[in-house]
Amino acid sequence: GAVVSQHPSRVICKSGTSVKIECRSLDFQATTMFWYRQFPKQSLMLMATSNEGSKATYEQGVEKDKFLINHASLTLSTLTVTSAHPEDSSFYICSARSGLAGAPSGDTQYFGPGTRLTVL
Amino acid sequence: GQNIDQPTEMTATEGAIVQINCTYQTSGFNGLFWYQQHAGEAPTFLSYNVLDGLEEKGRFSSFLSRSKGYSYLLLKELQMKDSASYLCAVNRGTDSWGKLQFGAGTQVVVTP
Numbered sequence: 001g002a003v004v005s006q007h008p009s010r011v012i013c014k015s016g017t018s019v020k021i022e023c024r025s026l027d028f029q030a031t032t033m034f035w036y037r038q039f040p041k042q043s044l045m046l047m048a049t050s051n052e053g054s055k056a057t058y059e060q061g062v063e064k065d066k067f068l069i070n071h072a073s074l075t076l077s078t079l080t081v082t083s084a085h086p087e088d089s090s091f092y093i094c095s096a097r098s099g100l101a102g103a104p105s106g107d108t109q110y111f112g113p114g115t116r117l118t119v120l
Numbered sequence: 001g002q003n004i005d006q007p008t009e010m011t012a013t014e015g016a017i018v019q020i021n022c023t024y025q026t027s028g029f030n031g032l033f034w035y036q037q038h039a040g041e042a043p044t045f046l047s048y049n050v051l052d053g054l055e056e057k058g059r060f061s062s063f064l065s066r067s068k069g070y071s072y073l074l075l076k077e078l079q080m081k082d083s084a085s086y087l088c089a090v091n092r093g094t095d096s097w098g099k100l101q102f103g104a105g106t107q108v109v110v111t112p
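Chains A and B, in that order, are what the protein sequence lines are. If you use our numbering, the first sequence corresponds to residues 1 to 120, in order. If you use our numbering, the second sequence corresponds to residues 1 to 112, in order.
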């Protein structure tokens, strides 16, 4: 199946610093990427939808100035957590949509391995 | 409101069958997914239902009733490696590859 990578897999930072997380589709071009956040023992919550070459669409309650998303190419989207605080500590997961033409199948959205962010 | 409900935890014995139910109330519906997630890892795709009925894929089957807002995932011949969290997710997008809203997940514990 398609492969999506995330970097870094784990990051620990001090409060007030910014952290950038990269999401790459390795063997396909992703027209759309999604960013999710998951707190322990909770569901994945969609934060934003990232389309190549255009501004990201944020879900209600997600601060766009705090979570900066850039989708510079069809294989790369970045999420920058600006001025991170301990409450931003979470598991951040991206997914990439392959955008293939034709009848949809269930596996056209592929998840990255996730990034564990810990803010001290 | 938007709700996707599934049980928090289920325990079953190796070799047995377990059925995980999911009920949903969402403003849009364009298919329902089941994912498996091991602790600290990303979800992996298991199944997708957009029409009513049963979809079978090896040891895993998934059922959907759109009129009842109900789905289940059936795991047969349970193996120890099936111990994981199982996530029900509804596609609320305007097309079939749109936004996913996830349930909180059902932790399945398989015992020897």
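Be aware that one or more of the hints could be misleading.
Unchecked claim - List of simulated lysine to aspartate or glutamate pairs, EDC-like, C-alpha gap at most 20 angstroms:
hint, chain 1, residue 1, chain 2, residue 2
1, A, LYS55, A, GLU87
2, B, LYS99, B, GLU9
3, A, LYS41, A, ASP27
4, A, LYS41, B, GLU55
5, A, LYS66, A, GLU22
6, A, LYS41, A, ASP88
7, B, LYS81, A, ASP88
8, A, LYS66, B, ASP82
9, A, LYS64, A, ASP27
10, A, LYS66, A, ASP27
11, A, LYS66, A, ASP88
12, A, LYS66, A, GLU87
13, A, LYS41, B, GLU56
14, B, LYS99, B, ASP82
15, B, LYS99, A, GLU87
16, B, LYS57, A, GLU22
17, A, LYS14, A, ASP88
18, A, LYS14, A, GLU87
19, B, LYS68, B, GLU41
20, A, LYS41, B, ASP82
21, B, LYS81, B, ASP52
Just so you know, these hints were derived from the structure itself, not from any lab.
Here is how each hint holds up against the structure:
1. A:LYS55 to A:GLU87: Not satisfied, since the Cα-Cα distance of roughly 25 angstroms exceeds 20 angstroms.
2. B:LYS99 to B:GLU9: Status violated; Cα separation ~26 angstroms.
3. A:LYS41 to A:ASP27: With a Cα-Cα distance of about 31 angstroms, the restraint between LYS41 (chain A) and ASP27 (chain A) is violated, given a limit of 20 angstroms.
4. A:LYS41 to B:GLU55: Cα-Cα ~28 angstroms, so violated.
5. A:LYS66 to A:GLU22: Distance ~16 angstroms between LYS66 (chain A) and GLU22 (chain A) Cα, so the pair holds.
6. A:LYS41 to A:ASP88: holds (16 angstroms)
7. B:LYS81 to A:ASP88: violated (31 angstroms)
8. A:LYS66 to B:ASP82: Violated: LYS66 (chain A) and ASP82 (chain B) sit about 38 angstroms apart, past 20 angstroms.
9. A:LYS64 to A:ASP27: Judged against 20 angstroms, a Cα distance of about 29 angstroms means the pair is violated.
10. A:LYS66 to A:ASP27: Judged against 20 angstroms, a Cα distance of about 30 angstroms means the pair is violated.
11. A:LYS66 to A:ASP88: holds (10 angstroms)
12. A:LYS66 to A:GLU87: Roughly 13 angstroms separates the two Cα atoms, so the pair holds.
13. A:LYS41 to B:GLU56: violated (28 angstroms)
14. B:LYS99 to B:ASP82: violated (27 angstroms)
15. B:LYS99 to A:GLU87: Violated, because 25 angstroms separates the two Cα atoms, which is more than 20 angstroms.
16. B:LYS57 to A:GLU22: Outside the cut-off at roughly 33 angstroms; violated.
17. A:LYS14 to A:ASP88: Between LYS14 (chain A) and ASP88 (chain A) the Cα gap is close to 11 angstroms, so the pair holds against 20 angstroms.
18. A:LYS14 to A:GLU87: The hint holds at about 12 angstroms.
19. B:LYS68 to B:GLU41: violated (32 angstroms)
20. A:LYS41 to B:ASP82: holds (18 angstroms)
21. B:LYS81 to B:ASP52: violated (29 angstroms)
Comparing the model with each numbered hint stated earlier shows that hints 1, 2, 3, 4, 7, 8, 9, 10, 13, 14, 15, 16, 19 and 21 do not hold.
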